[in-house]
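Chemist: The residues making up each chain are set out below.
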Amino acid sequence: MPAVENPVSPEPADALASVAALRRLADQIEDAAVEQAMRAGWSWPQVAEALGVTRQAVHKKHAKRLIAAGVTLRRR
Amino acid sequence: MSGFDRYLHTIIEQGSAEAHQDGSATIEAQHLLLAIAAQPEPTLESAGLDHRTIRDALEREFEHSLAAAGVSRATFDLPRPTRNPQPPTQLGASAKLALERLARSHRKKDLRPGHLLLGILQAQAGTVPRALALAGVDRADLTARVLRTLPDAGE
Numbered sequence: 001m002p003a004v005e006n007p008v009s010p011e012p013a014d015a016l017a018s019v020a021a022l023r024r025l026a027d028q029i030e031d032a033a034v035e036q037a038m039r040a041g042w043s044w045p046q047v048a049e050a051l052g053v054t055r056q057a058v059h060k061k062h063a064k065r066l067i068a069a070g071v072t073l074r075r076r
Numbered sequence: 001m002s003g004f005d006r007y008l009h010t011i012i013e014q015g016s017a018e019a020h021q022d023g024s025a026t027i028e029a030q031h032l033l034l035a036i037a038a039q040p041e042p043t044l045e046s047a048g049l050d051h052r053t054i055r056d057a058l059e060r061e062f063e064h065s066l067a068a069a070g071v072s073r074a075t076f077d078l079p080r081p082t083r084n085p086q087p088p089t090q091l092g093a094s095a096k097l098a099l100e101r102l103a104r105s106h107r108k109k110d111l112r113p114g115h116l117l118l119g120i121l122q123a124q125a126g127t128v129p130r131a132l133a134l135a136g137v138d139r140a141d142l143t144a145r146v147l148r149t150l151p152d153a154g155e
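Protein chains in written order, with the UniProt record's numbering: chain A, 1 to 76; chain B, 1 to 155.
Chain A extracted, bound-state conformation (with noise of 0.2 Å):
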């Protein structure tokens, strides 16, 4: 089957709605993967750079969250 070399739908609804899912997946998996690096003692600055995005928005992004969770916060 030719759609297993190229899995995005040739339909645009498919395509747009494939692009709102992934977003909302990678959310998800942010969510799941950061709470995770941090019980394991990574720090803000390398959660940030492992992620791509700077120390500010994962911060800003996880902090309460994870403060909540009872997980213990490496400042550097």
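The set of hints was computed from the structure by calculation and includes no laboratory data. A hint or two may mislead.
Claimed, not checked - Beta-carbon label-pair distances, calculated as ranges:
| hint | chain 1 | residue 1 | chain 2 | residue 2 | range |
| --- | --- | --- | --- | --- | --- |
| 1 | B | P42 | A | I67 | 39 to 47 Å |
| 2 | B | E13 | A | A68 | 17 to 25 Å |
| 3 | A | T54 | B | L78 | 18 to 26 Å |
| 4 | A | R74 | B | E45 | 46 to 54 Å |
No residue lacks a Cβ here, since even glycine has one placed at the ideal position from N, Cα and C.
Assemble the complex: chain A is given as a structure, and chain B must be docked to it using the hints.
Modeler: This is chain B only, laid out in the frame that chain A set:
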């Protein structure tokens, strides 16, 4: 506060709880739809839709849209993340569009609860119409049913 304002406030609050449960940072149209379906909603029920069937349809839409890009959620086996301590308060783009549609087409004093459902169902693209289509719902027919429950149906 008018009756409609109270209704809208209740739905947005419940929608916020739905978004929170979903791990979403914003309240989207599908969360408002779930909030509407969490209360008895005869028009939705007449189309075979309740909170559970809508949630299942949204889940299917997510998997289906991921599959269009060759991705399966099952590939990522990570522990479930802790939820944010606070439910989201911001409306996302799809919810704002639904509210804009009702604000554009009706005078404020004429608004009824059904208009909010109408604003959500009138989206031509996005998660809600795709989920309803996957659930086999005829959106045009459902929209017409909602319109018939509204006093300005003849306009």
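Chemist: Now tell me, hint by hint, if it's right for this structure.
Modeler: Status of each hint after checking the structure:
1. B/P42 x A/I67: 39 to 47 Å: holds (44 Å)
2. B/E13 x A/A68: 17 to 25 Å: This hint holds: roughly 21 Å between Cβ atoms.
3. A/T54 x B/L78: 18 to 26 Å: holds (23 Å)
4. A/R74 x B/E45: 46 to 54 Å: holds (52 Å)
In this structure, none of the earlier numbered hints is contradicted; all agree with it.
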